[in-house]
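The listed protein sequences derive, respectively, from chains W and B.
Under my numbering, the first residue of the first sequence is numbered 1, with each subsequent residue one higher.
Under my numbering, the first residue of the second sequence is numbered 1001, with each subsequent residue one higher.
Among the clues, some could well be false.
[To be verified] Partial selection, computed: residues in chain B whose CB lies under 10 Å from chain W:
#1 Arg1027
#2 Val1072
#3 Gln1098
#4 Pro1158
[To be verified] Here are the simulated BS3-like pairs of lysine-lysine, each with C-alpha atoms no more than 30 Å apart in a straight line:
#5 Lys193/W with Lys1136/B
#6 Lys1095/B with Lys631/W
#7 Lys696/W with Lys708/W
#8 Lys680/W with Lys1120/B
#9 Lys1136/B with Lys680/W
#10 Lys23/W with Lys510/W
#11 Lys701/W with Lys680/W
#12 Lys1136/B with Lys770/W
#13 Lys708/W with Lys770/W
#14 Lys283/W with Lys1136/B
#15 Lys283/W with Lys536/W
#16 Lys193/W with Lys556/W
#17 Lys556/W with Lys536/W
In short, the hints are calculated from the structure, not lab data.
All figures in this text were calculated on a predicted structure; none of them were measured in a lab.
For every residue, glycine included, the Cβ atom is placed at its ideal position computed from N, Cα and C.
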Amino acid sequence: MTPTNISELNAPGIPSNSGVLEKFTYDDKIVRMFLFATIVWALVAFLVGIIAAIELAFPAANQPLRVLSDALSYLSGGRISLDSWQIGIEYLTFGRIRPLHTNAAIFAFAGNTIFAGIYYSTQRLCKTRMASDLLGRLHFWGWQLIIVSAAVTLPLGITQSKEYAELEWPIDIAIAVVWLVFFGGNFFWTLAKRRERHLYVAIWFYIATIVTVTILHVFNNMVIPVFGPGLIKSYPIYAGVQDAFMQWWYGHNAVAFFLTTPFLGLMYYFLPKATDRPIFSYKLSIIHFWSLVFIYIWAGPHHLHYTALPEWASTLGMIFSLMLWMPSWGGMINGLLTLRGAWHKVTTDPVLKFFVVAITFYGMATFEGPLLSIKSVNALSHYTDWTIAHVHAGALGWNGFMAFGMMYFLLPRLMQTKLFSTKLAEMHFWLATIGILLYIIPIYVAGLTQGLMWRAMTEQGQLAYPDFVETVTRIIPMYYIRILGGLCYFTGALLGFYNYIQTWRARPSKYDEPVHEAPALSAGYADDPAPASRLKGVTETGHKLDVWMQMKWHRKWERLTLRFTVWVIIAVAVASLFEIIPTFLIRSNVPTIATVTPYTPLELAGRDIYVAEGCYNCHSQMIRPILSETKRYGEYSKPGESVYNHPFQWGSRRIGPDLAREGGKQSHLWHVLHFQEPAKVTPGSIMPEYSWLEKKKLDFKSIPLRVKAMRILGVPYTLEQEQTAQDHAKAQAQTIADEIVVQGGPAGLEDKEVVALIAYLQRLGTDLFKTSPDTPDVAIPTAGSEH
Amino acid sequence: MSEHNQTDPQADQAGSPLTDHEYDGIREYDNPIPGWWAWIFAGSCIFAVLYYMAYQLGTAGTSVAQAYDNSVTANLLLQFEDIGTLAPDESTILKYMQDDDWLLFGKQTFAGNCVSCHGKNGEGLVGPNLTDDQFKNAKRLGDIGTVIQNGAANGAMPAWNNRLHPNEIVMVAAYVASLRGQNLTGPRAPEGEIIPPWPDAPAIPDTVVEPGE
């Protein structure tokens, strides 16, 4: 951007009301705070992403000291041997780092972007200072605290295991308060104090964001906490099919209402400001806003095609995704066509470069989304890296470039000086663009390659690549290139950070705080009269329809915040309830399977370890009714099999094989050895080692608490089972530990975490084949008996 | 601010009328919705209704489960139409040990299910070496089939009768049996006892009842 006359930029529009002139200033300090948090968390999110990417390409990456200890051992001729250094660091495994990456990218980077943009634009679009400086500060510090607590708890394995909703219940409560009370409260209070009669389209998108994210967050995080010493743990009130449905209703709409609607709002403000062009079409704004809000909310089930989710829900998810194509593109064309007459500026202005590429990626991602929602396409893409490439096109291209474009737009205005270096900003743009391409192209290739290898059949009707690991080693070279792409994008952001700091250093000793004037809104206001019908020779109804089609009625809504907000709530709630109510109420959705019984106390404890380690990040537990899948993994998963699964563990990506029928497939000993060093048992495996499972003591004491929480949720454990849970778990652990010894494995595992996890894994998917519900999987001595 | 927009935006947006809206200097054109946009949107809505009617309210046979069942039937026919359903007894295993096509079939089954314990080429890993003359749980050829079916060694060798088709068990048994004598070096010491060689192949064919009849 060229240096600008600040006071001119900040000047409000010409007064359109005849009230008394009032003086006010804008709170730009809060915008500076959020913008700084944006660039800092951007670096963190990208760095954690790079670490995760390195871990997939080099599985020993969570053993950073291994290289050092190997070197020392080599140099000293074996005299120095640091075995303890060989151990992987449990806090750094992919299963724990990946949620940290997604949370940092979405809630820390994108979140702070949204807040910076909303605080800056809302004040100006409403001609008023934010209603409360204090709420703004509480919002800022509360949100940063939430992010820090995420960065601490996720590596510790404290997780709900629901994607993008991993944070445990105390943090969830904090999010609800900070989001709705501090942010939402401040925002709506500001709208109430506004001096602009009508709400601009950006504000509509902000309203939809605040309202819907609240609804999604609250309903996906309904949990029963497990209270115990040192425990931050909960189980969702939903199980299996219903939990999966709620999760992806949430997960998809987190993309919709955290990464799309607020960013569209930012686009509607910052793009016309940066181009100095009017918005292309007001009517298109109206139509694409309402259609987007109403249709997006239905599309979640397309994340669950071919799963145990009832087919009608999956079909609804698909068709609404297809209908979503044009509403999404409405935003893109309103953005790109706003650039008409300003394209020459794109060549010189890095802000516009970022915006143009952002909108282009938005258009590509929202075309690809409907494509991926088509069932037969999804059959190929699901569980593969195709999804990963798709989300990174959206996140790095759309969200990232909108954020950086906005940052370069705001820096001179907020710091009240020239941008330190336009050239560096240009370099940032090109590095980031190359970075995105280097990321997504190989990952698309990886996704397609793996998807095609999984389904490839021989002439004899067998799997062409029956050994799963073949399909992993084939795509590893793509993972190397991805790291390069990530590094490019990160380096670009580093330049941005440097530019930020240097611009900040050139700020004036005291920020100028221009005082603006605008009249307060007067009480009485006459809306424009309804237009006349343009049609001739039609009935009265035809005339009415024509008048309605001219959408002047919407103008009235735009000055009535409450009515507008209520209609947004109705739009998202009605759509949600159409899917949610049948999912919960229709019994035939989840046919009961008599032989499916609750987990034993030890298996339950093992399941919680599975959740804590984030195994679901790499292993699905949902075999689809597709021939190549049942050939590889066994009979497809039935809805009735996961009725006791709080939370569900269906997963969304198969970096490793599906585990839905893992029970009985390998020996206990195999699992022990596999956890010690997966690549030794499965050459080429990229699973990290989990040797600490064999060392860490299992927390038997908390098992009755876990059983109790499950009982509250309606899992049919008896009170006696709850009371004897500890003894029962110890007995089963002893049995498994003994069997491991018999099979030639190490002794003394009966009180270690690994037995619980093995107990769980050996149970997976076995109930379906039992002949009666009473047949135990392993002979377990009754509680308290000698063993 | 409005001064900015007085550079007559209509110069490059011919015929585009401006609304009288203005927010912080941002103005809006009153352009109509692009026709192609509206038509594709309407088309996608109509398609959605038709698709739902066809797949959710339509005739049976289009469901995912039904399509899957059909593909399983077709696959079984493709694989086993000529041989029917076999029992993993000694004569059957011996017969298919002589058939390279079916050995390849067994090899693929082995690659998908057995290599994690027995190694890529049967050289042994967590489980015993299958390429030498020593066996832990088999004394005769037919025992190979039995062990695969029912498992052995306290669950160290899982039972596969739930997971594999009976014919797959036969073919994988034949493949495993065919590995004997390669004497590959694996990480484990030889286990079990040396057992007598498999019966000779040529003596068998006469006694084999044609399967599938």
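Checked hints:
1. A least Cβ separation of about 4 Å between arginine 1027/B and chain W falls short of the 10 Å threshold, and the interface hint therefore holds.
2. A cut of 10 Å between beta carbons decides the hint on valine 1072/B: the least distance to chain W is about 6 Å, and the hint holds.
3. For glutamine 1098/B, the shortest C-beta to C-beta distance to chain W is roughly 17 Å, which exceeds 10 Å, and the interface hint is violated.
4. Contact between proline 1158/B and chain W, as hinted, is supported at the beta carbon level, the nearest pair being about 5 Å apart and thus within 10 Å.
5. The suggested pairing of lysine 193/W with lysine 1136/B is violated, with an alpha-carbon distance near 84 Å, which exceeds 30 Å.
6. For the proposed pair lysine 1095/B and lysine 631/W, the alpha carbon gap of about 25 Å is at most 30 Å, so the pair holds.
7. Distance hint between lysine 696/W and lysine 708/W is fulfilled; the C-alpha atoms sit about 24 Å from each other, no more than 30 Å.
8. A distance of roughly 12 Å separates the Cα atoms of lysine 680/W and lysine 1120/B; the hinted pair therefore holds under the 30 Å criterion.
9. Our distance criterion of 30 Å between C-alpha atoms is met by lysine 1136/B and lysine 680/W, whose separation comes to about 23 Å.
10. For the proposed pair lysine 23/W and lysine 510/W, the alpha carbon gap of about 21 Å is at most 30 Å, so the pair holds.
11. Distance hint between lysine 701/W and lysine 680/W is unfulfilled; the C-alpha atoms sit about 34 Å from each other, more than 30 Å.
12. This hinted pair checks out: lysine 1136/B and lysine 770/W have alpha carbons roughly 29 Å apart, not beyond 30 Å.
13. Restraint check: the Cα-Cα separation between lysine 708/W and lysine 770/W comes to about 26 Å, which is no more than 30 Å; the hinted pair holds.
14. With a CA separation close to 79 Å, the supplied pair lysine 283/W and lysine 1136/B exceeds the 30 Å bound.
15. The straight-line distance between the Cα atoms of lysine 283/W and lysine 536/W is roughly 23 Å, inside the 30 Å bound, and the hint therefore holds.
16. Between the alpha carbons of lysine 193/W and lysine 556/W the distance comes to roughly 18 Å, so the proposed pair stays at or under 30 Å and holds.
17. The straight-line distance between the Cα atoms of lysine 556/W and lysine 536/W is roughly 26 Å, inside the 30 Å bound, and the hint therefore holds.
Violated hints, listed in ascending order, are 3, 5, 11 and 14; each of the other numbered hints is respected by the structure.
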